[in-house]
Structure formats: structure tokens, C-alpha cells
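Protein sequence lines, in the order shown, are assigned to chains A and B. Residue numbering for the first sequence follows numbering that gives the first Met the number 0, beginning at 0 and increasing consecutively. Residue numbering for the second sequence follows numbering that gives the first Met the number 0, beginning at 0 and increasing consecutively.
Treat each hint with caution, since some may be false.
Subject to a maximum C-alpha distance of 30 Å in a straight line, what follows is the list of computed DSS-like cross-link-like pairs (lysine-lysine) [stated by the list, open to error]:
(1) A/K193 - B/K45
(2) B/K36 - A/K193
(3) A/K127 - B/K79
According to the in silico footprint, chain B covers these stretches of chain A (three or more CB under 8 Å from chain B) [said to hold, decoys possible]:
(4) 185–194
(5) 247–259
Please keep in mind that the hints were generated in silico from the structure rather than gathered at the bench. Backbone N, C-alpha and C fix where the C-beta goes; we use that ideal spot for every residue, glycine too.
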Amino acid sequence: MKTIRKILLGAGLVILSQTGLSAESGFTLETVDPEADRLALQNYYQQRFPGVPLEDYVNGIYAIDPESRKQWDALMEFPPYEFDLEEGEELFNTPFANGKGYADCFDNGGIGIRQKYPYWNREEGTVKTLEQEINECRVNNGEAPLPWKKGDIAKISAYMAFTSRGQPFEIDIPNDDPRALQAYLDGKKFFYAKRGQLNLSCANCHLQGSRVLIRADLPGPMLGHPTHFPVVRSKWGEIGTLHRRYEGCHRDSRSVPLPPQSEAFRKLEYFQTYMSNGLVVNGPGARK
Amino acid sequence: MKKVTMILAAALALPVGSVQAQSFEQAFNQQRALYGKGHTFTYENKTYKTDHPEEVEAMAEPNRTNAEALIASAEAMRVKSAELGYEWRDPVRYLKEAQEALGQGQYRQAMNLAARAKYQARISIAQYEDAEANWQRAAPE
Chain A
0 MKTIRKILLG AGLVILSQTG LSAESGFTLE TVDPEADRLA LQNYYQQRFP GVPLEDYVNG
60 IYAIDPESRK QWDALMEFPP YEFDLEEGEE LFNTPFANGK GYADCFDNGG IGIRQKYPYW
120 NREEGTVKTL EQEINECRVN NGEAPLPWKK GDIAKISAYM AFTSRGQPFE IDIPNDDPRA
180 LQAYLDGKKF FYAKRGQLNL SCANCHLQGS RVLIRADLPG PMLGHPTHFP VVRSKWGEIG
240 TLHRRYEGCH RDSRSVPLPP QSEAFRKLEY FQTYMSNGLV VNGPGARK
Chain B
0 MKKVTMILAA ALALPVGSVQ AQSFEQAFNQ QRALYGKGHT FTYENKTYKT DHPEEVEAMA
60 EPNRTNAEAL IASAEAMRVK SAELGYEWRD PVRYLKEAQE ALGQGQYRQA MNLAARAKYQ
120 ARISIAQYED AEANWQRAAP E
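Between the sequences and the hints, there should be enough to build the whole structure, so can you do that?
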């Protein structure tokens, strides 16, 4: 009888231990806590790469891989985005046909505002990104929208990011509008959900896979990811937007990728950028 | 007391899977991975083959009617996967090639390609369902 009791006790504990492992915490609208997520992420990286200052994560893989850092430091003696930046400033300051310009569409004339993007737009009930509002500005002033991934939109965005350099990200999730928190949660879910024939999530490469070789590449850490966009990627040989990178990553998992500025990608950017709150804007950047 | 402590420790260390019998799905996947399609194996005293349902469908008589039916059901599965936002890269390509094979009267080839597309679309839907249930497991807390 004693033995049977002990076996039953053991079996009960097995079930309890498994139930405990699968208990939910922060994964529903009722329980999700963005600030706890942000601190947990910082804690994860501090344990994973001890001694790397949090503020250095704005430099992506170059914060955590000394060999890559050496090459990058050499590259940054003549930053490859400088011409794009100049062109971006010129484009930003060139009036539309109706005489108005980008400065008329944004707070503070569009200068020093990058750290507030993306944001939750209560009236429209959606996440708005900087590139999205650049194109909306054009359309509202009778101009054709720009292609999302590269070229002029990336250059204008690069210039606007440059005017915010050194400003800490301050992404807000208004607590009086549950739709904003839902958008954050959707972005978080997208980041952690496995996709594509290769069964990879964003997190597989950019959380657990940070500085782990994937063939010849070292994926950068998720913390600080959006701070340096738009970027000139050596692989692209030109400047591109964050959503261009999202599309590429999504395709690399052997998925049919979502289009840039799709709602899912904008929510992903909302989540990712909130995770980088407190880190400074350092875009545009240069990456492999 | 010492025994109870040991049972406690063992219970906590023991993953649930190790006290459960291998499921049919696990057995099938293991045999499939080891021997590929067309292999015969035994599970709980019954005999099975390592063919996916779509491969079984593709074994039907190769004619226009069967090829069209398989292509249509594969396309429906692909559309469902796309609607969930989990469409994989290759099914659309396989289906295009299946249509081309159908046009050339290569019914067996068309059915094999459609079966491959349908299988991938089905697994992508299973991936969606798994992600819905388990996405949070990778998040740091």
C-alpha cells in the first residue's frame, strides 16, 4: 500500500511539474507586460554576454562579436551611407509640386522624431511607421508613393533618423487603449512563432541564435535591432529599410514573405522597437 | 523519508514523454525518417506503410480526372495555408509545374507534384496550429 501511495505521489508530481512548465505568463492580453518583457530581454542578454554594456547593443552583432567589430570599425572610417544621407537631406528639403514638403507633415518639422516611431495611432486603430507616414505625406500632397524597400524612401528615412541620433527610443503603448497592447502582443507572437519550411522563428536566429554561426553568418541580437535602420547592407550594396530586411528574413525561412508595411510587419516593428526603448537612435547604419 | 525524497527528485526530473508510450505519429515519423516512403512497419501489432496520405492519393490511376482532382485539392490546401499567413515557398511552384505536366498529358508527374504541394501545405497548417499553441515557449521570462 505504501509503495502504491509513493508511485501515485510520484505520478502526480510529474503531472504537476509539467503543468507548471506550461503555465502562461505574459502571453495573453490579460497578462502581457511589455515592460517586464523588455527587462527580461535585457536580463537574457546580460547573462548570455556578460560584460557587454546594454547601450552597446545598438551596434548589433558588432556589440557581441569582437572579430566582426574590428572589420566594422574599419568600414566605419568611411561610412557607406554618407552619400545616401546627403541625398536624403536634399530629398527631404525638396518641396512637392504644391509647394509643401515633408516638414509640413510631421511634428517638429520632421526633425528629431525618429525615436517616437512606430507609434499607436488611436484614430486609425493601427501601428504607424515612419516610412508609412513619409509615403502618406507624399500622397496627401499629390505625389506618388515611393517603393517601400529601398531608394528614396530609405534615404529620407535615413536623414530623419540621423536628426534623432543619440535620442533614446520612447515607444509608447497607451494603457487606455487595449488595441495598442494587442498590437504589441501580436508583434511579440510573430517574433516567437516558427514559420516556413525551415521551421524558424525570428527568435531562433536573433535571440537563441545571436552570435551563433548560420553557415557563414553570425545573426545579430534582437535587442537594439531597429535602432540603426535604415542600413546599408554589404549584401544589398545599397541602403534599405527595416521592412526590406523583415521580408528577406521571412523569405529565408522558406515562407512566402509578407509585403513590407503589412500590418503584421508593422506590429512586429512595434514590439521590436519597444524592446529597444531606452537605447538610442543610431541610424542609419552599416551592416554585413 | 529518504525514499520519498528520491521519488520526488525522480518525478521532477522525469519528462512526461518517457513514461508515455510512443504515439503513432512519433512511430510513423521515426520510420519515415529512417527508411523513407514505401517502408512497412508495425505499430501496436498492426502493419502500416510510411507513405504520407498525399503520396497514397498520388498512387491512384494516372489519368486527367485524378490529376485534376489532386491539383484542385492541393490548391485548396495551399490557399488555406496562405489565409493563415503560413504559406511556404514551394507549393505554388510545385502546383505550377503540376499544371504544366497536366497540359502535356504527364498525369503521373502532375499527380506527384500536386501531392508534394499538398503535403507541404498540410504541414504548414500544422505548423500554424503548433505555433498558436506553443509560440510562447521561446520567450525569455
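Checked hints:
1. A/K193 - B/K45: Violated: A/K193 and B/K45 sit about 34 Å apart, past 30 Å.
2. B/K36 - A/K193: 26 Å, holds
3. A/K127 - B/K79: 29 Å, holds
4. 185–194: Holds, because 6 residues of the region 185–194 of chain A bring their Cβ atoms closer than 8 Å to Cβ atoms of chain B.
5. 247–259: holds (count 5)
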